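Peer 1: Sequence:
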Amino acid sequence: TDYVQSGGCTVVNELPNSDGGEGIIYVDRVVSLTNPVPPPSSSPGRSCEAALSIDASSAFSVDIADTSLGVGPSSYDASLCLDTAFGGAGPVFWIKLDGVRPGNELDLTTCGFDTDLSVFEGSCSSLSMAACDGDSGSCSVDYGSSIDDFVPKADTQYYIVVGGYGGESGAATLTGTYSSTDPEPPNPTSKRYVECGRRNRCSEEPKWADVDEKHEVRCCADERISNSWKKTDGCSVWGESNGGFACANRKTFVEASSICELAGARLCSAAELAAGCAAGTGCGHDSDLVWSSDEEPSSAPPSTSTSPPPPPSPKPSPPPPPSASSSPPPPPPPSPPPSPPPPPSPLLSPPGVCVDDPNCPHLNDGDCDDGGPGSDYDICDFGGDCSDCGTRAPVEMRWVECGRAGGCRNEPSRWADSSETHEVRCCS
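Anchor point for the sequence shown: position 112 equals 104 in the working numbering, and the numbering is continuous, going up by one each time.
Among the clues, some could well be false.
Taking lysine-lysine and the BS3-like style, the derived pairs with C-alpha atoms no more than 27 Å apart in a straight line are [as the list claims (entries may be wrong)]:
| id | residue 1 | residue 2 |
| --- | --- | --- |
| 1 | K199 | K243 |
| 2 | K223 | K243 |
| 3 | K243 | K183 |
| 4 | K145 | K223 |
| 5 | K183 | K206 |
So the derived label-pair ranges between C-beta atoms look like this [claimed, not checked]:
| id | residue 1 | residue 2 | range |
| --- | --- | --- | --- |
| 6 | C116 | D348 | 37 to 45 Å |
| 7 | R193 | E288 | 18 to 26 Å |
| 8 | E403 | L254 | 34 to 42 Å |
For the record, the hints were derived by calculation from the structure and aren't laboratory data.
If you're wondering where the values come from, they're calculated on a predicted model, not measured in any experiment.
Just so you know, even glycine gets a beta-carbon here, dropped at the ideal spot from N, CA and C.
Construct the entire structure; sequences and hints are all you get.
Peer 2: As structure tokens, then:
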């Protein structure tokens, strides 16, 4: 009867259905049809699946005409909310955040009436509450909502649910701002410093590198992102080679920067790498040159104690030939050669090293991870994976030096295990 004019049909037979309700009615003629009433549209904001998608890669503002379109999720946890009597089941408006910036604090505010603001993470079929607020907002209308401690994670989908106190609804405005500024895009013409993954482990010298060269990637974070991130004694940052991202080999500087930013971290500085703040974090990068964030200045050395030496000064011009009318003065006596510096004292590791270092992320897993003789991986400090490597015997280290200064281009001078094989020269 929704589709025909009144009086347009004549009933000729009616059959009741098996449940006793209205039966099927047959008609003998139709005078005229009215326009069918379409079913309600799936307006954006009615549900998680139909959430209004917005670009959250930078600051945003969304005007919501009516928050009464949908119903809140069953996973709403009122205990996480401040000053609210929403409960989660009242009328709400759903918003989907696309392109959030991991690791950057996102401040959210709703104004318009006595709102309730909550953030959920996961898929629509499996949501969990990440943040919530009732009346902390500072709006021209009392009892707005504000969340100022929400930090998005990488590879996570987020939804915002806007409701009201005691089931209220109305028009509201949602704003989102990041507390940190957008990172400056790297200068493609400026060189960046590549530092050895662990001091004295690389066959190449650290250097300034063109940004389109290919090098390995390690990241640093000012706060611990997950349990796999390692903080070394003497460092104020946490380092990783594959914490929330895969091992990254042979990447350009721009690619390396993006990998760390997507993980909620950043490239380490050259000084942090030289201090070992990311050493031993895996992927075999201890013996590789790793990208740092240091940009080559116009006329200054890099900001790390392991900077490459300046180029040698040019040779002085030879003296002019003596004139024919005067005899040359006798040459000065040759200066005695400078005494060579004393050889470094041998290094000896502590006897009987055997510690299960809590900073070692893979203890007691059947693989020896301390980089020592017979180890499977070089992730932990030497002697720090006792449960898998056993007690480490003391190792005496001796200094190996180039046979002629500047003649060993492919291998730097370094401390070497006394069991290594090298060439011999003698002095008496």
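Peer 1: Determine for every hint whether it applies to the structure shown.
Peer 2: Hints and how they fare:
no. : hint                    : result
1   : K199 - K243             : 16 Å, holds
2   : K223 - K243             : 24 Å, holds
3   : K243 - K183             : 14 Å, holds
4   : K145 - K223             : 20 Å, holds
5   : K183 - K206             : 13 Å, holds
6   : C116 - D348: 37 to 45 Å : 43 Å, holds
7   : R193 - E288: 18 to 26 Å : 24 Å, holds
8   : E403 - L254: 34 to 42 Å : 35 Å, holds
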